[in-house]
Amino acid sequence: DTGVSQDPRHKITKRGQNVTFRCDPISEHNRLYWYRQTLGQGPEFLTYFQNEAQLEKSRLLSDRFSAERPKGSFSTLEIQRTEQGDSAMYLCASSEGFNEQFFGPGTRLTVL
Amino acid sequence: AQKVTQAQTEISVVEKEDVTLDCVYETRDTTYYLFWYKQPPSGELVFLIRRNSFDEQNEISGRYSWNFQKSTSSFNFTITASQVVDSAVYFCALSETEDSSYKLIFGSGTRLLVRP
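Chains A and B, in that order, are what the protein sequence lines are. Going by our numbering, the first sequence opens with residue 1, and the numbers climb by one from there. Going by our numbering, the second sequence opens with residue 1, and the numbers climb by one from there.
Derived by calculation from the structure, the hints in this document are not laboratory data. Check each hint, because a few of them may be wrong.
Said to hold, decoys possible - Covered by chain B, according to a simulated footprint, are these stretches of chain A (three or more residues, beta-carbon under 8 Å): (1) 41-52; (2) 101-112.
Stated by the list, open to error - On the chain A side, residues computed to face chain B include the following (Cβ under 8 Å): (3) Leu55; (4) Phe74; (5) Met89; (6) Glu96.
Stated by the list, open to error - Restraint-style ranges between C-beta atoms, simulated for each label pair: (7) A:Gln80 x B:Glu56: 45 to 53 Å; (8) A:Ile12 x B:Gln69: 44 to 52 Å; (9) B:Glu56 x A:Asn99: 33 to 41 Å.
Quick caveat: nothing in here was measured; it's all calculated off a predicted structure. Ideal Cβ positions, reconstructed from N, Cα and C, are used throughout, including at glycine.
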């Protein structure tokens, strides 16, 4: 089964450090989404790509966050100068067009 | 503005009981999609169903059923004869077609605990 995969599953970092997460979508899916989920809340949209183009960014995505999807395949989400408020689960999802989105297992980030 | 409300924060039932999870949504869009996802303790969101706003037929899949009522902007989810494995957090979500991203707007989730 080639579902959505994310790496790493857990990341602990110190405040001020940079971190990078990777998402590998389902291979035939042209859309890739990033969401953030904090404890007790539903996921919130961060950004999405159609193929390699980043088409929308949420206001939640401060200038310390950057996402890429080179060649329209995997995607990376980088957070620079992490803050304790960045601690959350970062979820990646992919879809074929506007069909249902399938989620990966998430990367849990803890900023100390 | 678009919004999804899941008023039930947590529900606890005994195995084999039926349970209904409520979802109320707000949107100005005339065409939209509604979803339910399950998030077990492992953390991965599992897709359960997607409904188009033009299709108000109720759906049944095994022990799961969904009741979509446009008049009350509700999309409720019923589990019949609940099992311990149904214990999870369930999220209702909305996607608007006027928004070309089709991003999902989630409710805050309902935690379901099924006790043996």
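Evaluation of the provided hints:
1. 41-52: holds (count 6)
2. 101-112: The restraint on the region 101-112 of chain A holds, since 7 of its residues have a Cβ under 8 Å from chain B and three suffice.
3. Leu55: Holds, because the Cβ-Cβ distance from A:Leu55 to chain B comes to roughly 7 Å (cut-off 8 Å).
4. Phe74: violated (18 Å)
5. Met89: Status holds, d = 7 Å.
6. Glu96: It is violated, given that the least Cβ distance between A:Glu96 and chain B is near 11 Å, above 8 Å.
7. A:Gln80 x B:Glu56: 45 to 53 Å: holds (47 Å)
8. A:Ile12 x B:Gln69: 44 to 52 Å: holds (45 Å)
9. B:Glu56 x A:Asn99: 33 to 41 Å: violated (20 Å)
Consistency with the previously given hints fails for numbers 4, 6 and 9, ordered from lowest to highest.
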